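Novice: Protein chains in written order, with the working numbering: chain A, 49 to 202; chain B, 727 to 1162.
Heads up, a few of these hints could be off.
[Stated by the list, open to error] Quick list of simulated restraints, FRET-style, between CB atoms: (1) B:Thr1033 - A:Asn141: 56 to 64 Å; (2) A:Asp59 - B:Arg834: 27 to 35 Å; (3) B:His772 - A:Asn78: 53 to 61 Å; (4) B:Lys778 - A:Asn78: 21 to 29 Å; (5) A:Met49 - B:Ala766: 26 to 34 Å; (6) A:Lys66 - B:Leu888: 39 to 47 Å; (7) A:Lys66 - B:Leu775: 53 to 61 Å; (8) B:His996 - A:Met49: 49 to 57 Å; (9) A:Glu160 - B:Glu903: 38 to 46 Å; (10) A:Glu160 - B:Met803: 43 to 51 Å; (11) A:Asn196 - B:Arg763: 51 to 59 Å.
[Stated by the list, open to error] With a Cα cut of at most 25 Å, we get these calculated DMTMM-like pairs of lysine to aspartate or glutamate: (12) A:Lys66 - B:Asp997; (13) B:Lys778 - A:Glu55; (14) A:Lys112 - B:Asp944; (15) A:Lys110 - B:Asp1096.
No lab work stands behind these hints, which were simulated from the structure alone. Note that the structure is predicted; figures quoted are calculated from it, not measured. Each residue gets a CB set at the ideal place from its N, CA and C atoms; glycine is no exception.
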Amino acid sequence: MMDELRELYQDVILDHGKKPRNFGGLEGYNHLAQGHNPMCGDTLVVYLKVDDDNVIQGVSFKGKGCAISVASASMMTEILKGKPVAEAETLFNAFHDMCTQDDPQLPEGVDEDAMERLQVLSGVREFPVRVKCATLAWHTMEAAVHGNEEISTE
Amino acid sequence: MSDMTDAAVPRHADSNVAATDASGHQRSARNTLDVERVRADFPILHQELYGKPLAYLDNAASSQKPRPVIAAMTEAMETYYANVHRGVHRLSQVSTDHYEGAREKVARFINAPRTDEVIFTRGATEAINLVASSYGRAFLKPGQEVLITALEHHSNIVPWQLLRDQLGITLRVAPVEEDGSVRPEAVIQLINENTGMVAISQVSNALGSVLPVRQIADAAHASGIPVLVDGCQAIPHQKVDVQALGADFYAFSGHKMYGPTGIGVLWGRHDLLTQMPPYQGGGEMITSVSFEESTFKGPPHGFEAGTPAIVEAIGLGAAADWLEAHDLEAVAAHEHRLLEYATERLSAIEGLRIWGRAENKAAIVSFTMDQAHAHDVGTIVDRAGVAIRAGHHCAQPLMERYGLSSTVRASFGIYNTEQEVDQLADALQVVKELFG
Ligand SMILES: Cc1ncc(COP(=O)(O)O)c(C=O)c1O
């Protein structure tokens, strides 16, 4: 029991969960979306500042959530800063596959360093109801870049 | 065929009554419940999850089903199932007898003055929607108020909001105290000449608080206002007498009282039901139909449009019989002991806070932990074989009242044990270990 739980709640996750990075609003943001996890009633807001070349200059988030969703959001903000929007979306797809499939194929050209960092969240595969927690921030980020201001994981 | 009917009576019920009769105390003054014997009736409880015995502590969400319920439903489908009220053929008659027999069982169970006051619905949600839609649209006028409390389940909030938006009525909300209780005066003082309906829970599903229904109902009745009681969290845990309670409508779901899903009950006072227009239109609820107009049956069938949940109703009747065969006072006493024990064990855990400390409380313990979010707690105790709910419990306004988005909730039922409380408490130690 402890082994699997430790696999899910790795130190990196607990650390990000307790001390989320880029937490709060974002000055000069031009994209925002709210993501709801109706199962637990939690809400995340993701702020993005995207420049004219479609590069993410800044990203932050606010909200309440479980250790998994907060850690995932926190790590996402660290990873996305400075990346083109298209790359963020590729990462999201790859991350989603990683959370749901046993042997996911990495899409071509995906940032492998980023994927390696995200690997700590892959423990949710063994906890299917928690996949939504891990992907909420990413869904919300995607909604924000597409101009949808509100999404729900259900 | 009569043999078959007898077989539908839960065997446990017979043997239990016989046992208590033999001792000469049918309502045992000692308030003891043979929990091992109760557990023997629930096949699902005897299993391991992740190598640990299952501790099912999510009864407020839904309860497990005893063998007599499963048997009654299986028997219906294996031996006499057919549509009801439709056929001249034998099976349809037998099926109808059992379906209407279930109505009688439920009427007896809640001490309804008349069997035709028991309307089968899909559940409590549909029962409340029925009242809001039928009674509400016929009798509530723009500007009138529906009075609820701050601890209602979404199903006793949203139907009134829908009605508000259609009719221009107002929703008034009586406050809940810091300890989760509702003071009768807090509700009563909001009753005024515009109040058209009072709709309150008997027991809070999120905090366990028991509401002073009778006092509120008396005050409402003094002003001629009907009272709907959402009895979902009361009916499996104590003797409910709709007349003694002072309710005019009483709503509950089968699946929380050890019966099946897809079936619930609206009990309503006969004189009110007969004045109410149909809820849904269709077969079963009419006396005659032409393209110009149709005429409708009175209660209960006038409110049961379409083919009902026949097998489920039969299962609910069996659940009522099964519960009745246990001394409900002993059941309440057993669950109260579990509440006290769980409160004591969980309070001793550092960083754990129990929400809802009302003096009069059902066996529901809602809590948060400083160390971890409710959802994480839920996952961790799940791996210890403990089933609890983590979330807002369909009472988001109540959660907001306490500045919470979610809690962990352990809710106890007739078959739970102190060992299961220990199993939960031990699993919560793991949360502390992991999250520090
Ligand atoms: C107090 C209360 N009211 C209403 C409901 C709704 O019941 P159902 O979903 O079975 O219609 C529930 C259960 O979820 C409840 O606990």
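Novice: Could you run down the list of hints and mark each one as holding or not?
Specialist: Now the hints, each set against the structure:
Between Thr1033 of chain B and Asn141 of chain A the C-beta distance comes to about 46 Å, which lies outside the given range of 56 to 64 Å. Remark: the range hint 27 to 35 Å for Asp59 of chain A to Arg834 of chain B is contradicted by a beta-carbon distance near 59 Å. The hint said 53 to 61 Å for the Cβ distance between His772 of chain B and Asn78 of chain A, and at roughly 58 Å that hint holds. About 50 Å separates the C-beta atoms of Lys778 of chain B and Asn78 of chain A, a value inconsistent with the hinted range of 21 to 29 Å.
In this structure the supplied range 26 to 34 Å holds for Met49 of chain A paired with Ala766 of chain B, their Cβ-Cβ distance being about 28 Å. For Lys66 of chain A paired with Leu888 of chain B, a C-beta distance near 42 Å keeps the hint of 39 to 47 Å intact. A hinted range of 53 to 61 Å is violated for the C-beta pair Lys66 of chain A and Leu775 of chain B, which are about 29 Å apart. Roughly 55 Å separates the CB atoms of His996 of chain B and Met49 of chain A, a value that falls within the hinted 49 to 57 Å.
Checked against the hint of 38 to 46 Å, the C-beta distance between Glu160 of chain A and Glu903 of chain B comes to roughly 56 Å, which is inconsistent with it. A C-beta distance of roughly 56 Å is found between Glu160 of chain A and Met803 of chain B, which places it outside the suggested range of 43 to 51 Å. For the hinted restraint 51 to 59 Å between Asn196 of chain A and Arg763 of chain B, the CB-CB distance of approximately 56 Å keeps it satisfied. Among the hinted pairs, Lys66 of chain A with Asp997 of chain B is inconsistent with the structure: their alpha-carbon atoms are about 59 Å apart, more than 25 Å.
Between Lys778 of chain B and Glu55 of chain A the alpha-carbon distance is near 19 Å, which keeps this suggested pair within the 25 Å criterion. For the suggested pair Lys112 of chain A and Asp944 of chain B, the alpha carbons sit about 42 Å apart, so the restraint of at most 25 Å is broken. Annotation: proposed proximity of Lys110 of chain A to Asp1096 of chain B holds, straight-line Cα distance about 19 Å (limit 25 Å).
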